[in-house]
Amino acid sequence: MTDNLADPRDDLVNHLGALRAFAISLTRNSATADDLVQDTLVKAWTNIEKFEAGSNMRAWLFTILRNTFYSLRRKRKREVEDADGALSGSLAQKPDHDGRLHMRDFSAAFAQLNDEQREALVLVGASGFSYDEAAEMCGVKTGTIKSRVNRARARLAELMDLDEDGQMELTDTVTAGIVAQQSAA
Amino acid sequence: MTQPQRARPRNEQADREIDENLKRAFDKVASEPVPDRFTDLLKQLKEKETQEKAKQSEEHTSND
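So the protein lines, in turn, are chains A and B.
Counting along the first sequence from 1, when you hit position 50 you're at 50 in the numbering used here, and nothing is skipped either side.
If you count the second sequence from 1, you need to add 185 to reach the numbering used here.
Among the hints, a few may not be true.
Unchecked claim - Okay, derived cross-link-like pairs now, DSS-like style, lysine-lysine, Cα gap no bigger than 25 Å in a straight line: (1) B:K228 <-> A:K50; (2) A:K141 <-> B:K208; (3) A:K50 <-> B:K233; (4) A:K43 <-> B:K240; (5) A:K146 <-> B:K233.
Hints listed in this document are in silico derivations from the structure and should not be mistaken for laboratory results.
Please read all numbers here as calculations on a predicted model, not as lab measurements.
Taking the hints into account, I'd like the entire structure generated from these sequences.
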């Protein structure tokens, strides 16, 4: 290939799903999440010259997305609080089944993490970014991300009262519910 | 009687379970079909730019 001018924007399409999942985990509302992804795509497209060729595009996109999310949230604090209310409302309706860890337990625990902890856990635990990458994305020190992740995990374990072996029987449905809380198909 | 607060030792197994389950949930959402609005948006942005480029190069040619 002699094409040195390969447009990194052609790569955007490969990150749509991950962007959406990240947006849903931040907003916990699929409509808000989709708007967030849309804003992110437009920003990425128009600011593509700021993307360093060869660097991690997903990290770059996630950074744009989270910055957009936080600046939007500062403007619309109340709406986010409503979304949280809707979340706990829907969780309360989940029926208990057997002796397994209940969806309500895990989701409620996840919802109790503060935004920073939840974000750190999603970046490092779920999306597979390194601590360093996550730190850069969030504009904080690596140690800060580490402690957020550790506190998030400890808090989850505590809230769910995991036993000594860490036995936690989570089904796909349960965990999908955490990330895709209000993702209406 | 109050329950004594047990210090919970860091539990690698629990950490792993949390991460694995979150990862599975995340990947599941990430691999869902993406709404058309996003692919459409990218197409539109690209078309718009192609048109602008065509215009620019026309102007260039006429300036030369």
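So, going through the hints one by one against the coordinates:
no. : hint              : in the structure
1   : B:K228 <-> A:K50  : holds (21 Å)
2   : A:K141 <-> B:K208 : holds (23 Å)
3   : A:K50 <-> B:K233  : holds (20 Å)
4   : A:K43 <-> B:K240  : holds (23 Å)
5   : A:K146 <-> B:K233 : violated (43 Å)
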